[in-house]
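Engineer: Here's the letter readout for the chains.
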Amino acid sequence: MNRRDSLRSIASAGVVATAGCLGVLGGDRTVLDPPEQDLSAAAHPSHGDELPAIELPDPIAGEEIATEDFNGERAVLLTFFYTNCPDGVCPALVLRLRRAQEVAAEGGYSDDAAFLAATFDPERDTAPVLEDYASQQGVNLETGNWHFLRPESYEAGQTLYEEEFGLVIEKAPADNYENLEYQFPHYGLILLANDRGIVERAYPNGAGVDIETVVNDFEQVVTA
Amino acid sequence: MGGAGLFAAGATPSVFDSNDGGTGGTTGSDGDTDKGGDETEVIEPMTIETIDAPGSRDDEVTVPATEQPTFVDFFGTWCPPCAEQMPALGTASDRVGDDVRFISVTTEAVGRSVTESEIADWWIENDGDWLVGADPTAELAAKLNVSAYPTAVVLDVSGRIQWSESGVHTADELVTEIERVLDR
Numbered sequence: 001m002n003r004r005d006s007l008r009s010i011a012s013a014g015v016v017a018t019a020g021c022l023g024v025l026g027g028d029r030t031v032l033d034p035p036e037q038d039l040s041a042a043a044h045p046s047h048g049d050e051l052p053a054i055e056l057p058d059p060i061a062g063e064e065i066a067t068e069d070f071n072g073e074r075a076v077l078l079t080f081f082y083t084n085c086p087d088g089v090c091p092a093l094v095l096r097l098r099r100a101q102e103v104a105a106e107g108g109y110s111d112d113a114a115f116l117a118a119t120f121d122p123e124r125d126t127a128p129v130l131e132d133y134a135s136q137q138g139v140n141l142e143t144g145n146w147h148f149l150r151p152e153s154y155e156a157g158q159t160l161y162e163e164e165f166g167l168v169i170e171k172a173p174a175d176n177y178e179n180l181e182y183q184f185p186h187y188g189l190i191l192l193a194n195d196r197g198i199v200e201r202a203y204p205n206g207a208g209v210d211i212e213t214v215v216n217d218f219e220q221v222v223t224a
Numbered sequence: 001m002g003g004a005g006l007f008a009a010g011a012t013p014s015v016f017d018s019n020d021g022g023t024g025g026t027t028g029s030d031g032d033t034d035k036g037g038d039e040t041e042v043i044e045p046m047t048i049e050t051i052d053a054p055g056s057r058d059d060e061v062t063v064p065a066t067e068q069p070t071f072v073d074f075f076g077t078w079c080p081p082c083a084e085q086m087p088a089l090g091t092a093s094d095r096v097g098d099d100v101r102f103i104s105v106t107t108e109a110v111g112r113s114v115t116e117s118e119i120a121d122w123w124i125e126n127d128g129d130w131l132v133g134a135d136p137t138a139e140l141a142a143k144l145n146v147s148a149y150p151t152a153v154v155l156d157v158s159g160r161i162q163w164s165e166s167g168v169h170t171a172d173e174l175v176t177e178i179e180r181v182l183d184r
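Listed in order, the protein sequences are those of chains A and B.
Each residue of the first sequence is one higher than the one before, counting from 1 in the working numbering.
Each residue of the second sequence is one higher than the one before, counting from 1 in the working numbering.
Treat the hints with care, as some may be off.
Some chain A residues flagged as far from chain B (calculated, every beta-carbon gap over 10 Å) [stated by the list, open to error]:
(1) Tyr109
(2) Glu123
(3) Thr223
One side of the interface only, derived from the structure: several residues of chain A facing chain B at Cβ under 8 Å [as the list claims (entries may be wrong)]:
(4) Ile60
(5) Ala92
(6) Ser135
(7) Gln136
(8) Gly138
(9) Ala207
If you are wondering where the hints come from, they were derived from the structure by calculation, not from laboratory data.
Just so we're clear, the structure is a prediction, and the values are computed from it rather than from any experiment.
By construction, the Cβ of each residue, glycine as well, lies at the ideal position given by its N, Cα and C atoms.
The whole structure should be built from the sequences, with the hints applied where relevant.
Structural biologist: In structure tokens, the structure reads:
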């Protein structure tokens, strides 16, 4: 039995175990109530939807990460970024996940959470580049709960992100930035899913959303 | 908005300005614009360790300050626009003097992924000459909701955010916003 298979069986066991808790949660699949603003019509997944099942390499750890492997195991905070992001949006997205990572460490539940940052730009975002970026942005790779995800190619990522997350990415010239050949205009999406793989919150303005809102939502979900 | 249009680049779907919202009645972000008025919440002061560097020393200070208004510049040594803003910060700090707690704070994990002396080296290279501190777990950045780098935040003497804006600012812009809380 390889690691993935063993994670899968733990995951199924987790589903059985949590089934007993559903009554406590009022039969709902989520910990958090629906958001004030209904985003169910948005292109991206939102409250109550299943977190799309994707599988991408973590080039630093050298392993495949499948979102389904976290079912029954960990709550998930997921965002999309690239290290050459010229406008400051990506560090702001990563900061929100990183703060939640710090809070999880302080609260002693690092092992109940996974932080996933998926790049649009696998050509430039290689393992060493991502490691440097983690260091710059204060991300802790030692805790084992942070994974950078790197599609095999730009096109593979583009298709996956659009089909699964409604996130349309296009490579655009970066004429207005020195030393930058191309960029990926995008909006900053952060998704929070519980450990049953159900989306609790989508933050489509993820770079500007209150950090403490994200962290409080995350804490409620991860400690439920 | 006086700052550079940091969010100018990018597709803007119709949901860009919306959020799922928070819990317990909190709403989503109000972005990186003026907080204005006295209705914003009081930011609970926390201790920030300061770094031995020109204009700064190995010590600790309270942010926001409780006896005077506070100006915070959030930066990272990896961030070119942060370096670009340093001359403006220097001029602004000279002009507002001691009437305000004027501090630059890095959100880098000082002590884990970078050392204090690396911060001090960057500080010297960029002619920093005022207080510089570390927010190694991004706790202050969370309280003040950093939404890009650099982000400038002005808090009044009661600890309420009166202005917060990301991007590279001029000294005049910074001084104008700081003086607005000094006049209050």
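Engineer: Now, for every hint given, state plainly whether the structure supports it.
Structural biologist: These are the hints, each one checked on the structure:
no., hint, in the structure
1, Tyr109, "holds, 15 Å"
2, Glu123, "holds, 19 Å"
3, Thr223, "holds, 13 Å"
4, Ile60, "violated, 14 Å"
5, Ala92, "holds, 5 Å"
6, Ser135, "holds, 4 Å"
7, Gln136, "holds, 4 Å"
8, Gly138, "holds, 4 Å"
9, Ala207, "holds, 6 Å"
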